[in-house]
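A.B. asks: In the order they appear, the protein sequences are chains A and B.
Sequential numbering from 367 applies to the first sequence in our numbering.
Sequential numbering from 367 applies to the second sequence in our numbering.
It cannot be assumed that every hint is accurate.
Given that identical chains are not distinguished, each listed pair holds provided it fits within a single copy or across any two copies.
List time: in silico DSBU-like cross-link candidates among lysine-lysine, alpha-carbon distance up to 35 Å [claimed, not checked]:
1) K407 x K446
2) K687 x K538
3) K446 x K590
4) K525 x K440
5) K687 x K471
6) K379 x K590
7) K538 x K525
If you are wondering where the hints come from, they were derived from the structure by calculation, not from laboratory data.
Just so we're clear, the structure is a prediction, and the values are computed from it rather than from any experiment.
Okay, here's what each chain looks like letter by letter:
Number of protein chains: 2
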Amino acid sequence: MGLKFKIVKTVGKSRLGQLLTKHGTVNTPAFMPVGTCATVKAMFPESVAATGAEILLGNTYHLMLRPGADLVEKMGGLHKFMNWDKPILTDSGGFQVMSLSGLRKLKEEGVTFRSHVDGTKYFLSPEESMKIQYKLDSNITMCLDECTPYPSTYEDCAKSMRMSMRWAKRSKDAFVDRDGYGIFGIQQGNVFKDLRAESAEALKKIGFDGYAIGGLAIGEGQEKMFEVLDYAPDMLPADKPRYLMGVGRPDDIVGAVLRGVDMFDCVMPTRSGRTAQAFTKYGAINIRNARHREDYRPLEEGCDCPLCTHYSRAYLHHLHKCNEILGVMLLTWHNIRYYERLMQDLRDAIKNDSLDNYVVQFYENQKRGDIEEL
Amino acid sequence: MGLKFKIVKTVGKSRLGQLLTKHGTVNTPAFMPVGTCATVKAMFPESVAATGAEILLGNTYHLMLRPGADLVEKMGGLHKFMNWDKPILTDSGGFQVMSLSGLRKLKEEGVTFRSHVDGTKYFLSPEESMKIQYKLDSNITMCLDECTPYPSTYEDCAKSMRMSMRWAKRSKDAFVDRDGYGIFGIQQGNVFKDLRAESAEALKKIGFDGYAIGGLAIGEGQEKMFEVLDYAPDMLPADKPRYLMGVGRPDDIVGAVLRGVDMFDCVMPTRSGRTAQAFTKYGAINIRNARHREDYRPLEEGCDCPLCTHYSRAYLHHLHKCNEILGVMLLTWHNIRYYERLMQDLRDAIKNDSLDNYVVQFYENQKRGDIEEL
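Chain A with its partners taken away, still in its complex shape:
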């Protein structure tokens, strides 16, 4: 029952692993593109798979609002509904309830809120979140938790974390165990080491298929985040996958892999695809910038995505200046491919004992900046 996780190799704190689910294997370290409303925005699922992505994230909050968990269940689950037969992880809905919904009321029992779409009233509790994620047929269910803002007082973080741990227990109790499906606990505690430790102990006592590090990348900055990541992953079981939620920029991911994290998700590559920000080996660039107007070169030399193999920067610039959907389609594809290549490179570097060199080169390239203007 549950999920199997094999650690293939460890170099320093970095791990090469394999997470086995009902819908296939996820090689870790892994990046999960975000498919908020049962679609990775502007991507065909076949194209998402072509980028190398082996697992997607779905947002419980959005899906419970539209089209609703009952409808997704009726349609045979999220995989079938959205034509993605590989693994899916769903968040618990808690984070988006806090950031998107209106008129929230948080109690020990759960949270009442109004939909940001049409004002409809909903109730979300650990038990309800489990039920919804079950109906979605999610391979990896996340516990319902509360995420404190940054900065917050020690007392607020302690109180919130302890409620999240009680919710973690209720989540686990309500979770229906099936072979190839699993549930992850979420460590909270903000930037306070002893709270992180207390949270980790509480989660281990309950026992999960994997452990997420929550409550980071919420405005504390990379330096503070890395300070927490210097100890937080080590508090979690070594033989289970560790998932850093909502992270992040390419250099965040590299730093987190060095600190022992196995899984990531972030809207960065997809959202950037819609706002003309392109990720490249030599850092991020904005393709709307006038310097690209007559540039016949590919966005990123050597990239094997459709954008870089068939089109010029000038064409991509033109599409984004004209707000053409194809500009979003091509750049989103490239950006996800960039992230998935980064993960493949990290996995290869762990495998080939070349991680140190890879990381030095990675930071040098990122620092170098875009290719020279024509």
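Here the structure of chain A is known, so what remains is to put chain B in place on it, guided by the hints.
C.D. replies: Relative to the frame of chain A, chain B by itself:
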């Protein structure tokens, strides 16, 4: 030099043909998806080709504004710029100048106007339009003409048509002849038969690779349009392709093929893809309608497009309710595929001497309306 057109078979007034260009062959009757700004909106060019489309239309007005003809030329022409290696037809820019631009001044010499994008002043004449379409590397160049509104007086239509014929001569004189490239004249005359005849005579005297029927589908309604099409195509040379500009709905196309038209373009399938209107065998439907919310069936049974083979109406409904780009991508693909299947069916029916039966069945199906609600 120029273009070759072979008529393979004629049934009644309907013709099965092949138009040979530098970039490949177009089987006629043919439908050209519209790629206004060097992209068929929300489609990869590979996907456009996969629908069966053998030729695209590009809009000179939009392209001269953004990214500009000089830039497209510098990038190796429109085919290379937009990664479409099949034939391209470009309009002359005249129609959009009249419908989109600001502060127009029309004189015998040409038209001065301001860009609807940024107010920049431009001048377009027959010679200028030829120069731009040459830079775009268009396989089929269209003469610059003026299109009278509907309704217009006989006098206005006569005056305008005669200027268009003088412009046609200037267009032909300025056109640079190359093998596999050609220029089409455009018949005007609104709904007046003698003006249509006069226009056809003027064009034939100049001599073109093909002849368009302009000034229709501008509000006169299908009945009036068919009245004109009952005689207008017959006035044009039988051995050259006939192109009905900006048409139309599926039943417009069927009616026009029966009246001897070979080529069509229209924004209908692409624009409808963005507004949730779906074309099916049994007529057009709006996928946002609540009746599709829980419908697990494909949009159109038997259609081989990605939408109909992999997704439910419920999923497409969900995507359009959430304004997801994938909804536009999938529905645009289906709609173009619908149009290209229609053209293939018409070509097959001419080939197999089953056009009459096909047309009866087509109208019966269209009249039947959508499949029954679940």
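A.B. asks: Could you run down the list of hints and mark each one as holding or not?
C.D. replies: Here is how each hint holds up against the structure:
no. : hint        : in the structure
1   : K407 x K446 : both (17 Å within a copy, 27 Å between copies)
2   : K687 x K538 : between (49 Å within a copy, 34 Å between copies)
3   : K446 x K590 : neither (40 Å within a copy, 48 Å between copies)
4   : K525 x K440 : neither (39 Å within a copy, 64 Å between copies)
5   : K687 x K471 : between (43 Å within a copy, 28 Å between copies)
6   : K379 x K590 : within (19 Å within a copy, 77 Å between copies)
7   : K538 x K525 : within (20 Å within a copy, 81 Å between copies)
Checked against the numbered hints given earlier, the structure breaks hints 3 and 4 and satisfies all the rest.
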